[in-house]
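Chemist: In the order they appear, the protein sequences are chains A and B. The opening residue of the first sequence carries number 1 in my numbering; numbering runs sequentially from there. The opening residue of the second sequence carries number 1001 in my numbering; numbering runs sequentially from there.
Don't take each hint at face value.
[Claimed, not checked] Only part of the chain B face toward chain A is listed, based on derived beta-carbon distances under 10 Å:
hint	residue
1	Phe1063
2	Asn1078
3	Pro1084
4	Ile1137
5	Asn1138
6	Glu1144
[Unchecked claim] Simulated DEER-style distance windows between Cβ atoms:
hint	chain 1	residue 1	chain 2	residue 2	range
7	A	Glu146	B	Ser1128	22 to 30 Å
8	A	Lys26	B	Glu1099	18 to 26 Å
9	B	Gln1073	A	Gly170	43 to 51 Å
10	B	Ala1087	A	Thr68	40 to 48 Å
11	B	Arg1043	A	Gln200	49 to 57 Å
12	B	Glu1144	A	Ala197	40 to 48 Å
13	B	Glu1007	A	Gln203	55 to 63 Å
Hints in this document: simulated from the structure, not taken from any laboratory. Just so we're clear, the structure is a prediction, and the values are computed from it rather than from any experiment. Each residue gets a CB set at the ideal place from its N, CA and C atoms; glycine is no exception.
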Amino acid sequence: MPSTTLGQEKWHSPELVRAVARVCLKNSEYELVRGGHGRSFIDVDELYGDKRDLGAEKALDALVEKLTSICKKSPMRAVVFVERDSGPVGMIAARHRFAEHVDLPLLTLRPRKRIRKAVLKGGELKPGDSVVIITDVSTTGETIAEAARMILDLGGRVAAAISFVDRGSGAKETLGQMDIPLESVFSETELQAAEHASMQDNQ
Amino acid sequence: VHSGQDELLCRFRSVIAAAADALIVRPPEKEGALPEVTIAPLRRLQEQAERYLRVAKSPRARFWLFLLSVFLQDVFYNLSGDVPYAAESHACQQRFFVELARDLREFSSTIADEDAVQPLNVWQRIVSSYCETVTRINDILAQE
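Okay, chain B solo, but in the shape it has when bound (with noise of 0.2 Å):
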């Protein structure tokens, strides 16, 4: 723990990176083609999350536990479960979760700092990504 950061931020940095490592099960067969993805380490995440919040105490590490929770919530209420199955928005949503263990790994590495600033892009850069992506989704289907 350097000078500034949270500590609760800095024990739960290696949850994250790992649920971010975890995502990606296997690498792409061939170039261009996309990893195989499991969402089942961000379920571990958000309930990991959801323990650290109900012992924070600084107000920055609540902000990140509670924005990061409530965040892979919307997701799976949203991206699993019954969303009607097709290939190309399928593939959409591989993408997206591709982009996000590299957004989470991002994350991880500066959720400690004393500096917002880092992590706040990036979090613009995860929400945006969630919100172009269920545009998509629709779009696909709606042709379906």
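With the rest of the complex left out, here is chain A (with noise of 0.2 Å):
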């Protein structure tokens, strides 16, 4: 079985992130917002609904679970959801499910507002609240790292951050150079094997 941060075998059954890889990697050639290429996407919306009913979706309880496991071992402020460049979607569309287990104000952080006080929706943070960012795919860092800078900026400080599925392109170093742990859920190479396999038994 591949690595993972998770490293819970009931989140990595070769059907789940065969579905997983199904519903949310998309092979084509695209920028990535911090520069670079990819050539493989991974569109974590696409869980929602699951319209194949592939039985994806029930990943994203490994989100839920990795997240209570962060609450309980440091008490954590609030949960925080980043709103991206090409808009309010990825983790924030799943937060629901977040709410149900995790007692602890939800907010997104929209780093393009220019008003300050609209910055961050559903609540505010007092100097020193330590919060949680989810975000759906990390790749270089950036992204949190600039969401943790401007929450610092808001008075709080990001204690550590969940991703659905770490690229490992160096987010996790990026990150920790802010002490910020991250924890992801899927790899993308283990994504990419699992799609790749699905391929070979196919033929």
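From the two separate chains plus the hints, produce the assembled complex.
Modeler: This is the structure:
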């Protein structure tokens, strides 16, 4: 089984990983927001509703479990979702799942807002408040790092970050320099391997 | 359409002027007060700019229509919806829209001209006024 940071076997059954890969992986050429070029686009938005009924949506529970475990270890003041450049999607759409299991304010950080008081939606942060950031895909970690700097500017601090898929392109290292541990549920390599295996089975 | 004027922009002039006029719903009740403003005409203007942009052929028309559309999107993203309310910051916003109405009227009268200096001057004013408004609102809300 490919190694992941979550390390919980139930979330890494071949069926589930294949389902997530089939739903979320899209082979295409695209530009990364922070520079660079990608070949496999990870579209987590496709999980919601999972129209092909492959059962991939239940992988979101792995995120919930991860979040609960982090919150048990160190008290958090809020959970923060970051609005992407392309719009308010990504993990924000799954916030109801977190609301059911974590009794914390769920805030949305909107880095592009020019009015400072509108940057954080859903609540305010007091000086020293610890938060955990949840994001769909981590690549270089720069988006989370920028959000962390913004949260610091608003008075809080990011104590941890969780991504659904980590591409293994430096996010852990970038965030490590800021003392922000990054946990992820799946790695891009794991999803690609699952997709490859599915293709071989179909041939 | 005069010599050197862009035909599409000549048509679009009246769209801008109409939106600028419709921004002011009611004149001020007393001297020194602000008029009642609605930003709905700006949304229609932005949609129209997008529509014109799809058929625009000249670089000049494309430039102005794109600039107008993107600017208005930014204004809507930042000054409409869930901006925390404070009477002083709200007045600040209203003043910006009153100035914008005046500047858009001036822009509409020069947009089609071959000489771009006048419309560029108007845009410097519009963008500067927008940035100052955002700064002022941030200062006001920080003190709330």
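Chemist: Confirm or reject each hint.
Modeler: Hint by hint, here is what the structure shows:
Hint status for Phe1063 of chain B relative to chain A: violated, with the closest Cβ pair at about 23 Å, above 10 Å. With its C-beta approaching chain A no nearer than about 4 Å, Asn1078 of chain B sits inside the 10 Å limit, and its interface hint holds. Hint status for Pro1084 of chain B: holds, given a least beta-carbon distance of 5 Å to chain A, under 10 Å. A hinted interface residue such as Ile1137 of chain B counts as satisfied when its beta carbon comes closer than 10 Å to some beta carbon of chain A; here the least separation is about 6 Å, so the hint holds.
Because the beta carbon of Asn1138 of chain B sits about 5 Å from the nearest beta carbon in chain A, less than 10 Å, this interface hint is met. Below 10 Å, beta-carbon pairs count as interface contacts, and Glu1144 of chain B has one with chain A at about 8 Å; its hint therefore holds. A hinted range of 22 to 30 Å holds for the C-beta pair Glu146 of chain A and Ser1128 of chain B, which are about 27 Å apart. The given range of 18 to 26 Å is broken by Lys26 of chain A and Glu1099 of chain B, whose C-beta atoms sit roughly 45 Å from each other.
Taking 43 to 51 Å as the suggested C-beta distance range, the pair Gln1073 of chain B and Gly170 of chain A does not conform, at roughly 32 Å. At about 43 Å, the beta-carbon gap between Ala1087 of chain B and Thr68 of chain A stays in the expected band of 40 to 48 Å. Judged by the Cβ atoms, the range 49 to 57 Å given for Arg1043 of chain B and Gln200 of chain A holds: they are separated by roughly 52 Å. Remark: the range hint 40 to 48 Å for Glu1144 of chain B to Ala197 of chain A is contradicted by a beta-carbon distance near 57 Å.
For the pair Glu1007 of chain B and Gln203 of chain A, the supplied restraint of 55 to 63 Å holds, since their beta-carbon distance comes to about 58 Å.
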